[in-house]
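Participant: Chain residues, written in single-letter form:
Protein chains: 6
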Amino acid sequence: MNSIVRAAVLGNRGLWFPALNAVKTMSTSGGPTPPFTTLSVTQPANHITHVELHRPEKRNAMNKAYWREMVECFNQIAEDSECRVVVFSGAGKLFTAGIDLMDIAGDLLQPQGDDTARVAWYIRGIISKYQNTFSVIEKCPKPVVVAVHGACVGAGVDLITACDIRLCTQDAWFQVKEVDIGLAADVGTLQRLPKVIGSRSLVNELALTARKMHSDEAKSCGLVSRVFPDKESMITGALEIAGEIASRSPVAVQGTKINLLYSRDHSVTEGLDYMVTWNMSMLQTQDLMKSAQAALEKKSPKDVTFSKL
Amino acid sequence: MNSIVRAAVLGNRGLWFPALNAVKTMSTSGGPTPPFTTLSVTQPANHITHVELHRPEKRNAMNKAYWREMVECFNQIAEDSECRVVVFSGAGKLFTAGIDLMDIAGDLLQPQGDDTARVAWYIRGIISKYQNTFSVIEKCPKPVVVAVHGACVGAGVDLITACDIRLCTQDAWFQVKEVDIGLAADVGTLQRLPKVIGSRSLVNELALTARKMHSDEAKSCGLVSRVFPDKESMITGALEIAGEIASRSPVAVQGTKINLLYSRDHSVTEGLDYMVTWNMSMLQTQDLMKSAQAALEKKSPKDVTFSKL
Amino acid sequence: MNSIVRAAVLGNRGLWFPALNAVKTMSTSGGPTPPFTTLSVTQPANHITHVELHRPEKRNAMNKAYWREMVECFNQIAEDSECRVVVFSGAGKLFTAGIDLMDIAGDLLQPQGDDTARVAWYIRGIISKYQNTFSVIEKCPKPVVVAVHGACVGAGVDLITACDIRLCTQDAWFQVKEVDIGLAADVGTLQRLPKVIGSRSLVNELALTARKMHSDEAKSCGLVSRVFPDKESMITGALEIAGEIASRSPVAVQGTKINLLYSRDHSVTEGLDYMVTWNMSMLQTQDLMKSAQAALEKKSPKDVTFSKL
Amino acid sequence: MNSIVRAAVLGNRGLWFPALNAVKTMSTSGGPTPPFTTLSVTQPANHITHVELHRPEKRNAMNKAYWREMVECFNQIAEDSECRVVVFSGAGKLFTAGIDLMDIAGDLLQPQGDDTARVAWYIRGIISKYQNTFSVIEKCPKPVVVAVHGACVGAGVDLITACDIRLCTQDAWFQVKEVDIGLAADVGTLQRLPKVIGSRSLVNELALTARKMHSDEAKSCGLVSRVFPDKESMITGALEIAGEIASRSPVAVQGTKINLLYSRDHSVTEGLDYMVTWNMSMLQTQDLMKSAQAALEKKSPKDVTFSKL
Amino acid sequence: MNSIVRAAVLGNRGLWFPALNAVKTMSTSGGPTPPFTTLSVTQPANHITHVELHRPEKRNAMNKAYWREMVECFNQIAEDSECRVVVFSGAGKLFTAGIDLMDIAGDLLQPQGDDTARVAWYIRGIISKYQNTFSVIEKCPKPVVVAVHGACVGAGVDLITACDIRLCTQDAWFQVKEVDIGLAADVGTLQRLPKVIGSRSLVNELALTARKMHSDEAKSCGLVSRVFPDKESMITGALEIAGEIASRSPVAVQGTKINLLYSRDHSVTEGLDYMVTWNMSMLQTQDLMKSAQAALEKKSPKDVTFSKL
Amino acid sequence: MNSIVRAAVLGNRGLWFPALNAVKTMSTSGGPTPPFTTLSVTQPANHITHVELHRPEKRNAMNKAYWREMVECFNQIAEDSECRVVVFSGAGKLFTAGIDLMDIAGDLLQPQGDDTARVAWYIRGIISKYQNTFSVIEKCPKPVVVAVHGACVGAGVDLITACDIRLCTQDAWFQVKEVDIGLAADVGTLQRLPKVIGSRSLVNELALTARKMHSDEAKSCGLVSRVFPDKESMITGALEIAGEIASRSPVAVQGTKINLLYSRDHSVTEGLDYMVTWNMSMLQTQDLMKSAQAALEKKSPKDVTFSKL
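Just so you know, the protein sequences line up as chains A, B, C, D, E and F, in that order. Numbering that gives the first Met the number 0 applies: residue 0 is where the first sequence begins, and numbers increase by one. Numbering that gives the first Met the number 0 applies: residue 0 is where the second sequence begins, and numbers increase by one. Numbering that gives the first Met the number 0 applies: residue 0 is where the third sequence begins, and numbers increase by one. Numbering that gives the first Met the number 0 applies: residue 0 is where the fourth sequence begins, and numbers increase by one. Numbering that gives the first Met the number 0 applies: residue 0 is where the fifth sequence begins, and numbers increase by one. Numbering that gives the first Met the number 0 applies: residue 0 is where the sixth sequence begins, and numbers increase by one.
Just so you know, the hints here were simulated from the structure itself, not pulled from any lab data. Possibly wrong hints are sitting among the right ones.
Any copy, or any two copies together, can satisfy a pair, since identical chains are not distinguished.
Here are the computed lysine-lysine pairs in the DSS-like style, where the Cα-Cα straight-line distance is at most 30 Å [stated by the list, open to error]:
id : residue 1 : residue 2
1  : K211      : K307
2  : K307      : K92
3  : K307      : K138
4  : K92       : K57
5  : K289      : K63
6  : K194      : K298
7  : K128      : K138
With the rest of the complex left out, here is chain A:
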């Protein structure tokens, strides 16, 4: 069934991979990539997919379509053997204003059900779906580099903490907004943010007071690993990092992502056991020999051609 949408998109492959040499200008131009209405998907370079949150006129607020399209998009990316790494950013003046309260109001503010238990059941379904929207980023074995400019509010923080590498511009700011609208953040921030930065006091302060955090603090606390002067240089930087990743063995890269995520949620002993079980097969790759030989010949991994994964 997935194949229907899939065919639609792959039929649009001209649009999906429009102009390999037009990276910079492309990334913020154009509109959503059909059949998506909230996402623009392009291929700025070999093995790199660029996904842009694309509702600039709505400050990239997340509406009902968005929650559904993210899942479809990342499921496709997970299965697209051409893609080895993803860059994620926001179109327009800011990264995202978070959830689109107006669009989503019916779901959350007037939930359906005959009694409290049945309303609860309905809510459980809705939140699970929203949680899944960001969890697909982790389930996709290709690393995701997220590049934030301007505001990153509410569900935006949920989103970026599910990505692998975080970059931002000097003018970026972050806000765990949920407590301001009367709820405990329930689609990932409270679960992932504490595992993403080192200061628990800061995590608590951000989540309990909803105060803004600017780029310098985001860098010093480790939320982002690099700050760029503006969006253009950030996108260039993100693509460079993505290029480094895309040039490595996909067996090595995707195994690294999967095991890093496994380690986050397990003891060191369990992580080591899983790792050795993983590499029982993965070390039998030709990529190892190819890469080792290149290393011995002082060549770059970029000079090696790896099979699709």
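Let chain A serve as the given structure and place chains B, C, D, E and F on it in line with the hints.
Facilitator: Okay, now just chains B, C, D, E and F, sitting in the frame of chain A:
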């Protein structure tokens, strides 16, 4: 049974909530709040409880009474629906010198029991009780902002790592002292400190060498999220943060604390599952509608009145 | 059986503990300590063992002998009641270039086995052995201070993340190299690095792009807790820290290491329960009374003599 | 997208819920319910869905279509608020011969991929999909009563251990067959069987020797909770049990299934914590009052009408 | 504070331990032991405490007083160094009819709170308190032998699954009743029953259909370890088992209970680690030497006198 | 170093595998196999190793040599690619009387150390070593069938619960003896017995009262999966089961053991994830094709020749 002490305290409500508009001066004046002998409990502002460790003449060292009173105090706070956030600080010249060795010597240095096993059993009881003294801070669903000035030694570090937000003055210093008196820290530091700051090398160094850490390093490693020039400005700052928290929906705030703590000790998947189960009921609060409406009307959460929780 | 090698080494005790007052010069002079061929083991001061990775002509690359000798060495240290703390460093111009690809090529690049499953079985054995090489550092209850100068590449990062306290020189750099040779790092880095530093974005970037990280970034992210201008001052600093540790009660120190590691892999509640069970016996040590008395008399722990552990 | 298949099926609702009063004869007559080719889905009574594995001419062997259809079928059941309980059985002479080796041979015996790692990646995808086929039974909150007659071999055991209540006929036998075809059972038996019966020695014997277990042993070891003389009486009995379940509050029943599964995989403390969080909303159901009142009036739950869930 | 009630009870020690030689008749005669109103507490033999659920005129239904008194009672038993084992039974014609719906109706059917979230918060408090009522049985380190006659319904099953050894009479029956009153059992049955008996299919059937299980099935599934012809012989049997336990070293017995419970909720590796840490102190008991010597001299443990624990 | 003992044993291969066609008589004749003094090791049939506890004159009591030899023996078996399954039994009139109190008395009753903490440290080392003695049975990937006749006391129960399949004779009885000598069983029984049989009430009764359990109860509770009339028929039966296992693909068999043990200690979800990762390589075995073809040709696995593992 709790109700006996409870009645005693609530009868003292005049003392407990003495003068809402006399915040700054009050916080370090006065003595312990009866029936407590080591804690002063006041209400500097609406929904904010200020607990002060109050044995300044003994450098706020923790004696037998303290271990018991902390539990009573935080159990009462947990059930006090007027209170939404706690500020914790130390009276006098420093935060705390840690355990009161002289007072407690009998318990730990000359434990009771007919043989080694029975002494061990006795020790188990004592340490469990001490551990519980700090765990009540986490069991209390109201966020606790701790403000440290001067020395914070030994059991003081156990205490602050169980709080939610940590602040300190420029002259503050921290010392994991236990190894100096021949024991592995057993009331929380070894368990919580590594989950509170990001550098494991630093945690190990502090715990194994008992060296002092000053405020600047405490800030850069993330132990505290803010440093203030002096105690007065710190208390003001703590009350401001507390005010921010107190003005938000208590449903949102307390759900946030509970889920942040749950996340610390679980995988992301488990944390998300607990979160969605939590919000099956909590999203049905009127606070959500009130807050959302205020947000749409560009009002501050402070302009909204929430029911007691 | 262990006793055979053990006797051999202890017979060399003159060499093992050569010249207590010749610390500085010794640490980088001399060759491996027989029967070791890749490790130099000395005793620069009371209760301190200094282990040096000693293949300077091969940039301290880890060959087959190394993997075996590390286990023997740390098992001996674990049982050596004279030793209370370990300093680990590299001889020559850099810390380590990582795995010795040429020496190890047969094992990993041409593994044995009749079919894929049997090759996998063989690989499982090899990697498990390598993992164990670094895990012995954690299993050894004596704290290990590692001092890095120059390059620390690939398996070098696996090694240092298994140590307790990390120091480096200004010229040091670190590189998670594995992705460059076509594999996911499988002997500890992916499991331990995220629990050692606070920024997950940085961990991911390092592991996925294999970029170098220099000493200043290593300090600010918390990988190392101190940076020294050069190797000599670093070794002096490492021995000072080791001296602080060696002078404390070994009951306190080793209990602290064991419980810190336990905490890393368990919830706070579980860590507290284990801790109290641990101290059921360990608080019955004479060291507690000795240390407490010294503390009350304002003496340093260094003035107290503790029994062997 | 799901909605397309869904509409197709719901359009067939006449076939899906054909003749409420024709239970017994129907259950083994007829063919698969379109669009399914391997499953027959009927509604023998109010709130009860009967799913039959329906490839009798192939001894109900599981082919490629089956793996896909099971997921679709149970996803629909999960969302069908009319259905409160499922009965699962096999059409024809036996329950199932397990996997259809011929049909599936291409997938498992000649997997795709350029090298061992890429073949491994492909295999991972296939097995994950197969695992999911049975896990949907657990993810579906409606209890599943499985009724086994004749042979239940290989993947059949994986299937029934994912169900909630197991019944069988006197002539039924069970065989963990995988070791006979050279693999460790990988779609659930090794994970679930030990948590389903009490004797670990028996589990190991069955899994390691592939010997058959007959109905009497299946009953005494607890794999099934009841044995019936023949298929007809078993289906009647299964429907009676299903009827008991269907007549209770769906809030109570589905909450019970979800929490029983949660308990299986968690400590008692964690299970209790989840349970109380669950019932924060679910105890606010009207069903509680309705049921309590019926109980006080000595009425049966069957006399109470509950809203849809 | 506990000491107040404690003093009251200990002052009643004549009543608490009334007539050491009047075991059999006493156990079902007399009324509740003040200050308890629902429990009778006696000491039928040395080191054995007999707790009887004592509201026979109300079929031992659990009212509000009961939930509170159980906690007080078992906390006292935990601290009573004279007591080494507990026998628990029900006064009158049956063990217990479960929760006292009439008495408790206000709490659960008309919970307090301004909105759904606040009602949920209130419910959380109530259920947690009820859960704790049975968890104190596990927290008490003395083994609890429960003896069931006649009906054991609803919360009765929650209660007995928290005990250590289960006995019953031939006329006993068990019923997981909760689903009949519209809720998922939330005070322990769903968490503990699956860990107490081996057949998961049976657990599910009992919990989902609320059918009665009689003593023979209770024995064959392992819920009880012995069945007695009538209550008198059961109480005698329970006291014999209790006598066996009471005659052993309390260090050995209580360490066994604590570690058996720890094992239930942890992996084997974790259980072994905890066990060895436990016995670091406990093996240093004199009881070991005393018992070993008695064993070598072919004496019974009953001939050895052990110190209080 | 292991190689020294290894060479000694392999040099004795004539003794180790003395007479392939003399199974029955051999198993209880002869003495220990040098260099072992407590174990007899033979090869009764292809791929089957028979280990006999061989101190019949001491009722197979476990002395110091035994604890060491078990580890060496099972480490060798783990690496012996000829061996695919192990049968374990006791020589002489009974299986084992448990620990040899006289031989071991010095270790446990008069432990070494300057103070309680150092004695505890010493005890920790001893118990860990003893625990490891039985854990090697689980670490060895070849299934172990244990055959018990006569008495199986104390450490004997620890031993058999670490085996995979348990058989016994009609005259066999089992006793968890530790509580009788004043300690909580610390080498495996309390951790493994509850995961090996289904009735927790029975586990508790056995461990707390040290009562004997006879073969019929051992069978009905699931401790053993089969009971034989006498030792001779049991050994024959054990060898038949072993023969069934030995004839299957070692890739399938050892993968099954490893994953069954993994499942015991993990949630179903985690077990499934590990399983799929395991089979990424193991499904690429030629054994799969060989076995599948044999199955399609209706041949027995015994007709297939598998490569060594």
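Participant: Hint by hint, note whether the structure agrees.
Facilitator: The hints, checked one at a time:
no., hint, in the structure
1, K211 to K307, "between (42 Å within a copy, 27 Å between copies)"
2, K307 to K92, "neither (36 Å within a copy, 40 Å between copies)"
3, K307 to K138, "within (19 Å within a copy, 33 Å between copies)"
4, K92 to K57, "within (10 Å within a copy, 53 Å between copies)"
5, K289 to K63, "between (46 Å within a copy, 22 Å between copies)"
6, K194 to K298, "neither (36 Å within a copy, 33 Å between copies)"
7, K128 to K138, "both (14 Å within a copy, 14 Å between copies)"
Against the hints set out earlier in the document, violations occur for numbers 2 and 6.
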